[in-house]
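K.L.:
Listed below, chain by chain, are the residues.
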Amino acid sequence: MPPGVRREGTVGMIAKTPLTPGRKVALLWLLLLSFFAIFNLAYLPIARMQAAHSPLRFEQRAAEMAAEGQTVAAASVLRDGVRAFRPPFPEPYARLAEYGAGDLSAQAAPLAQFYQFADDGLTADEIAAMRGPQDWSALASQDPSGLLAAIRLFAYRGMFAFPMDPTGAWPLGIEDAAAVLSLAQGVLRMDGAVGTTGVSAPVPIVAASGGRALLHIDGVDYGGSKRAMYVAIVSPIDGQILQLGHFDLNESWDESLRMAQFLQGARQGAIGVFAASEEASVYLDYTHLGPELEYFGLEREAIIGHDRKFLGLKYAFAAIGVKGTAPGEGLQAWSPGEFDGRTGHPVCCAVFPARKEPQ
Amino acid sequence: MIEQPWWLYLIVGAGSWGLTMVLVPLFRRLAVAIDVVDRPGLARKVHTRVIPYLGGLPFYIVFLAVVLFIQGGFPQYGRAALYPMCVVGTLIVLMGVYDDIKDMSSLKKLIVEIILCSFLFYWGFKTDVLSSPFGGSINAGWLALMITPLWIAGVINAINFSDGLDGLAGGLVFLCAASIFAVAFNNGQIVSCILMAYLMGTTLGFLFYNFHPATVFMGDAGALFLGFVLGASTLVEEQKGVTVIALAVPMVVMAVPILDTVLSFVRRLQRARKGQFFEPDRDHLHHRLLALGLTQKQVVLSLYMVSILAGLMAFMMSVIDEEYRFLIIILAAAFIGSGVIVLRFIESLAQQNRTGGGE
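Protein chains in written order, with the numbering used here: chain A, 1 to 359; chain B, 360 to 718.
Please note that the accuracy of each hint is not assured.
What the hints assert, rightly or not - One side only, chain A facing chain B, incomplete, derived with CB under 7 Å:
| no. | residue |
| --- | --- |
| 1 | W29 |
| 2 | L30 |
| 3 | F35 |
| 4 | L41 |
| 5 | A42 |
| 6 | Y43 |
| 7 | R48 |
| 8 | M49 |
| 9 | F89 |
To be clear, the hints were calculated from the coordinates, so they are not data collected in a lab. Positions of the beta carbon are idealized from the N, C-alpha and C atoms, including for glycine.
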């Protein structure tokens, strides 16, 4: 029997001067609120300090550094933050362009412009203004069915991200749409080169993602809308499909392992085409699957973000890589499901074989 | 696979156990000193002597300590979502204290619970997509707004209803937490594991004083808070989309209290015409088992056994392939259905015996 309570005589121990029920409640509430106040006194300063150092606050930290004249350091913080989180709003890109942050500064200004336009609603005129110097005229000679499907996906899913009217600004001309897709964190190559892997795509390949997955290879879609990471392994010689698979990385670690084994089974030099449908990251296993994706020329940070815990689900992730290449040599694009209260958007990676001049 | 900080689970579990062991006698003394005690007399009360309340207040204090410990010492495992849990948990405990002393109507309690738990939705405790026990996923859509408060309030009430015998609610929460811990550990859900380690530690410490013959009761304050932590914990990992630990798993884990709540709801519906929907009764599972002639300890231990079986089924459900999950559901349904039928059969036999004895 624990001390303080007598089994038979508990009643006898009741306070001699009974409190009214109201006072008892007040007394206990006061006691509990005191505990909560003490907790807050200790917790809130810690939480504030941690929040200030959170990777999510990279913009604020960069602004503070810039205000202190540390522009180079500010640019570095901003660049890391942009790489890790791909924020779907213009401010960080505008600042990055302003600081002149090396390799990203060239992309930063158009991205800032894109998100600025997207904020107010994309119009056909604005899109035409963003087309930039890249020549998309070669698209006319290609079979753009994959790209058209990606555009439709962008237009439909993009409505959730941007206040745009698909019946007004969309459908766009193929060249305008290509410009938008390439600006929206996407990569479109007209020279057939799969990034800097040294491999050329023998057939048009379009990987697009955002709600559903598109894997258009030589005009045929191998993607789907089931929650999964869709993967196609394509021959670099004739563009034949060597392997197809989809892996529900939201389901279990086993799926991650299965995908790693699938990629291990691909032969060296094969082109890997990847697109996520809905969420495909919860069980992305960095021990087994991470290195396999890197071996396809994908960058680890861009696979799913610097710290996936901070990012939203329903990622848009599309990539085209080559087995046996170094991380970063492939093509990849992604946008978060949500960052800082803003919805991400569909992305697209596309490679079109260079047009052969008639002999 | 994610490397699990099992040593942290051990520290949290052991620390919660130790702190609860120290705090419960102090609060028991306080309850006696200010006369916050449960007196026998009401028909639905099983105990025959005066027992102090407030044994559940240490759950709250230990929870605050655990959150502070994690946020201060191991922020990499912390979550911003833990703070809203502390805020809403505080209000739940304050309501519980009020109810212990001044009695609050079930309707008012339910309304307050739903309002408080609704706030959690806006702090990210939500599930946009439910994992279907039959495979695949179901988009919750606008129902997501209702799922959070209804689920958490449902679990709160399930635990509160089960708090009718010595050691029953505490033991069931311990077993539910152990099962969810196993599922979460298997899925690499670190925050869920930490919260379950806390629940296991604190309830085990409390059971030392509350197992039959109890020297202290957790009161509504403790039962509501335990139910709140248990319910909210199942949504804490799921901040941005798909329910990582599908609600189906905790539903099976908490089969005993949830079944009791559902049966109670049905009985209340039957009484609703007499305007007694919110009136408590003496027909809960444990009351009915007691009526069959089982001792308090036997009833509690048999419900523990059922809960262990449910926990094992939930664990199996989380590890087997999606296409076989329906078998577990069928097994669980058959298990519950046969339990209800056997109970009704034994009750009717006992009734017949009593009638026969009386003649």
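K.L.:
Could you run down the list of hints and mark each one as holding or not?
P.N.:
Hints, verified against the model:
1. A least Cβ separation of about 6 Å between W29(A) and chain B falls short of the 7 Å threshold, and the interface hint therefore holds.
2. With a cut of 7 Å, the hint placing L30(A) at the interface with chain B is violated, because the nearest CB-to-CB distance is about 10 Å.
3. Checking F35(A) against chain B: minimum C-beta separation of about 6 Å stays under 7 Å; hint holds.
4. Because the smallest distance between the Cβ of L41(A) and any Cβ of chain B comes to about 10 Å, over 7 Å, the interface hint for this residue is violated.
5. The restraint placing A42(A) at the interface with chain B holds, with a minimum CB-CB distance near 6 Å, inside the 7 Å limit.
6. Hint on Y43(A) holds. Least Cβ distance to chain B is approximately 6 Å, under the 7 Å limit.
7. With its C-beta approaching chain B no nearer than about 11 Å, R48(A) sits outside the 7 Å limit, and its interface hint is violated.
8. For M49(A), the interface hint is violated, the least distance from its beta-carbon to any beta-carbon of chain B being 9 Å, above 7 Å.
9. A cut of 7 Å between beta carbons decides the hint on F89(A): the least distance to chain B is about 18 Å, and the hint is violated.
Checked against the numbered hints given earlier, this structure breaks hints 2, 4, 7, 8, 9; the rest are met.
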